[in-house]
Amino acid sequence: MHTCYLLLVAVLLATPGLAQKAQDSILKTDGARLRNVEITEFLLTGVRGTRGNERFEVAADQVVSVEWGNAPPQFLSGRAALVRGDVRAATQMFGDVKSQRPLVQADAAFFKIKCAVAAIGNDQTGAATVGQHAKKWLVDYPQHWRTPEVLLLKGRAERLAGANDDATTTLLQLDQLATRAALGTVWSLRAKSELALTLLSSGKASEARTTFQAAAAMATQRLAATPPDDGELQTQRTMARIGEGETFLVEKDYVRAQAFFHELAGSQEDDLAAAGLAGEGEAVFLAAVANNQPADLRRAQLRLAAASVRDARSGDTSAKANYYLGRCVLALGRELEGDAFRQRASAYFQLVVSDYPSSRWIGPALAALGK
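The sequence shown runs 267 to 637 under this note's numbering.
None of these hints come from the bench; they were simulated from the model. Treat the hints with care, as some may be off.
Once the Cα atoms are required to be at most 20 Å apart in a straight line, the calculated SDA-like pairs of lysine to any residue come out as [as the list claims (entries may be wrong)]:
#1 Lys518 - Ala448
#2 Lys364 - Gln289
#3 Lys402 - Thr445
#4 Lys364 - Asn388
#5 Lys294 - Ala448
#6 Lys518 - Ser472
#7 Lys470 - Lys518
#8 Lys518 - Asn558
#9 Lys402 - Leu438
#10 Lys364 - Gly387
#11 Lys470 - Ala448
#12 Lys518 - Arg565
#13 Lys294 - Lys402
#14 Lys518 - Ala471
#15 Lys470 - Thr435
#16 Lys402 - Ser365
Cβ pair distances, simulated, as ranges [stated by the list, open to error]:
#17 Gln534 - Arg350: 34 to 40 Å
#18 Ser331 - Ala525: 37 to 43 Å
#19 Arg522 - Lys401: 51 to 57 Å
#20 Lys518 - Ala447: 38 to 44 Å
#21 Gln366 - Arg314: 15 to 21 Å
#22 Leu293 - Ala525: 40 to 46 Å
#23 Ser620 - Asn302: 32 to 38 Å
#24 Leu635 - Thr435: 29 to 35 Å
#25 Gln409 - Glu498: 19 to 25 Å
#26 Ser291 - Ala556: 49 to 55 Å
Even for Gly, the Cβ is constructed at its ideal location relative to N, Cα and C.
I would like the entire structure built from these sequences, with the hints used as guidance.
Okay, here's the thing in structure tokens:
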């Protein structure tokens with residue numbers, strides 16, 4: 267009798283959702299973590315669930331991330347692969363997730379899309395496929411906490427697929443949703459910045475510049491009324507300023523681009539100064555290649571290295587700097603960089619992939635690595 271009882275308990279414990287309640291956790295923007303909860307709903311307004319016999323809801327703008335209790339092994343492996351920057355492996359692992367909890371299955375599908383977008387590189391066909399997966403996810407979960415991010419990812423995938431009109435429609439939809447559902451300034455800024463990149467991809471540099479300028483003004487105005495430690499708003503402002511400078515690069519106005527980024531590099535704020543140094547390094551590099559002036563590549567290297575050091579956030583700016591440092595080494599070639607120049611360049615590209623998996627530079631880095 268005792269043996270049968272133990273066997274029954276073992277079976278119950280081994281059966282997901284049968285003997286154990288989920289023990290999820292939610293990380294909030296203030297650093298607090300809600301532990302031992304069961305998440306039951308994802309809504310645009312936030313995350314709902316139970317803690318013991320009590321129900322709770324955390325507002326969407328207060329949620330940083332969620333962790334699933336008893337998550338399937340493939341889900342955990344996918345998260346680990348994402349953290350180490352192996353977005354292709356992560357895409358496969360999230361696609362293999364099978365869970366009895368619909369919320370976990372939806373989250374696995376979300377992460378599969380997120381990783382697949384990061385892994386696109388120059389694969390336009392793959393980008394189009396990811397865009398279709400994102401479209402289906404949005405049909406299945408139109409009012410989900412992650413719906414805004416999937417709209418952003420869908421727009422990015424469509425841009426990378428060359429479907430700029432579709433991307434524009436998607437990103438305008440996100441901007442309208444941010445206003446209608448009161449999602450906050452950050453989501454509107456993300457939509458505007460991605461829309462500006464789409465305009466840039468369409469060769470509409472002047473329109474893109476206007477959109478970047480509007481985003482930077484919005485972020486600056488919001489920062490004036492927000493505690494100065496609001497990192498996301500600062501990031502969005504920096505990205506908008508970078509984007510404005512990059513419009514000159516698309517127009518091949520390297521002199522104006524260098525002047526713009528040189529002024530930005532003189533900022534007293536580390537994030538803007540680092541972005542300015544990286545942008546100036548990029549402009550010098552592109553001008554050196556276009557005008558066949560290899561001596562200027564050394565000047566570009568100095569600016570890019572300084573940007574990586576100055577980037578206190580170790581974010582998109584560092585990723586950009588390392589990507590172009592790799593491009594510089596390739597452009598200098600064996601004669602100026604030695605026999606191992608390709609390996610050294612690959613090391614820079616691999617650093618982007620490994621250390622900055624959410625950066626927009628991971629695609630170009632993967633393409634440079636031939637992955």
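For each hint, the structure was consulted:
1. Lys518 - Ala448: With Cα atoms ~39 Å apart, Lys518 and Ala448 exceed 20 Å; violated.
2. Lys364 - Gln289: holds (18 Å)
3. Lys402 - Thr445: violated (23 Å)
4. Lys364 - Asn388: This hinted pair is violated, its Cα atoms lying about 30 Å apart.
5. Lys294 - Ala448: holds (19 Å)
6. Lys518 - Ser472: Given that 20 Å is the threshold and the Cα spacing comes to 13 Å, the pair holds.
7. Lys470 - Lys518: holds (13 Å)
8. Lys518 - Asn558: holds (15 Å)
9. Lys402 - Leu438: holds (18 Å)
10. Lys364 - Gly387: Answer violated: Lys364 to Gly387 is near 28 Å, above 20 Å.
11. Lys470 - Ala448: Distance ~30 Å between Lys470 and Ala448 Cα, so the pair is violated.
12. Lys518 - Arg565: Given that 20 Å is the threshold and the Cα spacing comes to 19 Å, the pair holds.
13. Lys294 - Lys402: violated (29 Å)
14. Lys518 - Ala471: Within the cut-off at roughly 11 Å; holds.
15. Lys470 - Thr435: With Cα atoms ~16 Å apart, Lys470 and Thr435 stay inside 20 Å; holds.
16. Lys402 - Ser365: Distance ~19 Å between Lys402 and Ser365 Cα, so the pair holds.
17. Gln534 - Arg350: 34 to 40 Å: Holds - the Cβ-Cβ distance for Gln534 and Arg350, about 35 Å, lies within 34 to 40 Å.
18. Ser331 - Ala525: 37 to 43 Å: holds (40 Å)
19. Arg522 - Lys401: 51 to 57 Å: For Arg522 and Lys401 the Cβ distance comes to about 39 Å; the hint is violated.
20. Lys518 - Ala447: 38 to 44 Å: Hint holds: Cβ distance 40 Å, inside 38 to 44 Å.
21. Gln366 - Arg314: 15 to 21 Å: holds (19 Å)
22. Leu293 - Ala525: 40 to 46 Å: Given range 40 to 46 Å: holds, Cβ gap about 42 Å.
23. Ser620 - Asn302: 32 to 38 Å: holds (33 Å)
24. Leu635 - Thr435: 29 to 35 Å: holds (33 Å)
25. Gln409 - Glu498: 19 to 25 Å: holds (23 Å)
26. Ser291 - Ala556: 49 to 55 Å: About 52 Å separates the Cβ atoms of Ser291 and Ala556, which means 49 to 55 Å holds.
In the structure shown, a violation is registered for the earlier hints numbered 1, 3, 4, 10, 11, 13, 19, in ascending order.
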